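Model the placement of chain P on the given structure of chain E, informed by the hints.
Line order of the protein sequences matches chains E and P.
Using my numbering, the first residue of the first sequence is number 54, and each one after it goes up by one.
Using my numbering, the first residue of the second sequence is number 28, and each one after it goes up by one.
These are calculated hints, taken from the structure and not from any lab test.
All of these numbers come straight from a predicted model, not from anything done at the bench.
Glycine is no exception: its CB is placed at the ideal position from the N, C-alpha and C atoms.
Some clues are possibly wrong.
[Stated by the list, open to error] Here are a few chain E residues that face chain P, going by a calculated C-beta distance under 10 Å: (1) 64; (2) 96; (3) 131; (4) 132; (5) 144; (6) 161; (7) 166; (8) 169; (9) 286; (10) 296; (11) 326; (12) 329.
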Amino acid sequence: MTTVFGIPIQALFSQLLVGLINGSFYALLSLGLAIIFGLLNVINFCHGALYMLGALLAWLMLEHAGIGYWPALILSPLAVGLFGALIERTMLKRLRGLDPLYGLLLTFGLALVIQGVARNYFGVSGEPYDIPPQLTGGKNLGFMYLPNYRGWVILVSVLLCTLTWFVTERTRLGSYLRAATENPLLVQAFGINVPRLITITYGLGVALAAFAGVMAAPIYRVSPLMGADLIIVVFAVVVIGGMGSIFGSIVTGFALGVIEGLTKVFYPEASSTVVFVIMAIVLLVKPAGLFGRTT
Amino acid sequence: MTTHGVEAKPSTAAEVRIASRAELRSLRVPIAILIVVCLVAPFLVYPVFLMKMLCFALFACAFNLLIGYVGLLSFGHALFLGGAGYLAAHAARVWGLPFELAVLTGTATATVLGLVVGWVAIRRQGIYFAMITLALAQMFYFFCLRAPFTGGEDGIQGVPRGKLLGLLSLDNNLTMYFVVLAIFLLGFFFVFRVIHSPFGQVLKAVRENEPRAVSLGYKSDHYKLIAFVLSAAVSGLAGATKAIVFQLASLTDVYWSTSGEVILMVLLGGLGTIFGPVVGAVVIVCVESFLAQIGGWVTVVQGGLFIVCVLAFRRGIIGELARVLHRPL
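Next comes chain E alone, as it looks inside the complex (with noise of 0.2 Å):
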């Protein structure tokens, strides 16, 4: 067999996948979280608790109704963005013009109830969900396996962060959107709704979080503290790539997984801590992260 510094060569693209797939997550997430952020500044704590809150919806669809996937797919994030919308009317609204730091604490405490309901009712030892029958399966690369599944998620993050950076960089809702960021007063003055288009971007934003966690689902088991970790390495991602830019937050996430993937090849003892380690060695270098600006 092929080895490379000792390892397989099989190993070491497995791995690879894992950190890729992982990778995905932490994109579609630190993406959500910028956009929020960049409008709204806050940082949307219970993003991971949405995201579970995706899968969730999505198992139950299947258990109780007998909804697949593919409509899940659709359903979960539409039902969970328009939760995001009701919260952001209801709640996040009356922050507005405090310190931002009370809106990460709002949503903390969101975090918490959402995911101490589902505890309630669905334990902590979470459900496994199927992978749809059209992706079950995998190919034989040469150099390694690929399970149908992992590649379809690959694909389908990458797709939706370029959708998501084109729909920010290169349409008219997404000039509004960059603009409302720079100077929210003077957008209203031309005429454009900011409060309606900040309550879309937070539901659009946690959509993007319940869209990952439908497609976790079959890959990690839906349970309700699958997103309770996977937040605060988020948070790490977005402090590294720092939250100034779209395009940004896509690279860093897809790059610490992999890293983190490669860390479990050759050190796996370091494979939970290394995306921190590097975080205090981004900020050490450069405090405003990798992609951000100074503020």
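Using the frame of chain E, we list chain P on its own:
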């Protein structure tokens, strides 16, 4: 964060000193009440329960020093509570150190950890500071999960309480209580002293208007770092004491939920108030022990309290009381 009680806005140094003295005088009565309640309580309530309150109250006071007076929201303070707890437990159990030295070991550990974490984290402000401290604390959690001396999921159990100064056995809960009370009061007055010192005035200046403080020649980063280290040290004192009292150091104390808990205590009690953290800690410890009997709704209630506090009750219990009474508390 800029929520605090009613404060006059003195302008000159002399006025500051006078206002500060007046505030100290006006706090005499509440402090006396606090001490009397603490002295009477163990004869009415189970001392171990009270010791839990005191440890968390001290932890909350340390946390309040940072958020209430410097405006830094640390989301990783469990690191210092739990880290000190592990070291104190290890010192008492494996190295066989007496009570005082075990607590000191834990406190020293937290101080060093505070220096390292603070040094990294103060490079960013506001929301980033919160995320960075959270991430570093999570890193420490994973370290504790794997490190050989922490006992992983089991934690360090059966830590001996030992004897105070080699004389007084601490196995008696009432004796232990008064030692913990002494430690709490020591920490409480230390934080109180820091807040009302010239150093504390600079911290408030940094909180209110950092660019202005910098332009006046204060190295705001140094002040923030010192405040962070002091806060970490007092948190460590609380954590080390807690580990010895409960004869247990566990992963719960380094997990992010504990960091969230202390934030809730201070928020509920009143950010930037002297007594808020104590009241907040007492309320939260009571709520948790009450809810522990009726099942797993603790996190839901905690989350609900967060939401209510942030939306409608930002001054907290003591902050509201101070507003009604027109005096700082």
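Now the hints, each set against the structure:
1. 64: With a minimum Cβ separation of about 21 Å from chain P (threshold 10 Å), the hint on residue 64 of chain E is violated.
2. 96: Check passed: Cβ of residue 96 of chain E comes within 5 Å of chain P, closer than 10 Å.
3. 131: violated, 24 Å
4. 132: violated, 20 Å
5. 144: Check passed: Cβ of residue 144 of chain E comes within 6 Å of chain P, closer than 10 Å.
6. 161: holds, 6 Å
7. 166: holds, 4 Å
8. 169: Since chain P brings a Cβ to about 4 Å from residue 169 of chain E, closer than 10 Å, the hint holds.
9. 286: holds, 8 Å
10. 296: Constraint on residue 296 of chain E satisfied, holds at 9 Å.
11. 326: Given a least distance of 5 Å, the restraint on residue 326 of chain E holds.
12. 329: With Cβ-Cβ at 4 Å, under 10 Å, it holds.
When each numbered hint is compared with the structure, violations occur for hints 1, 3, 4.
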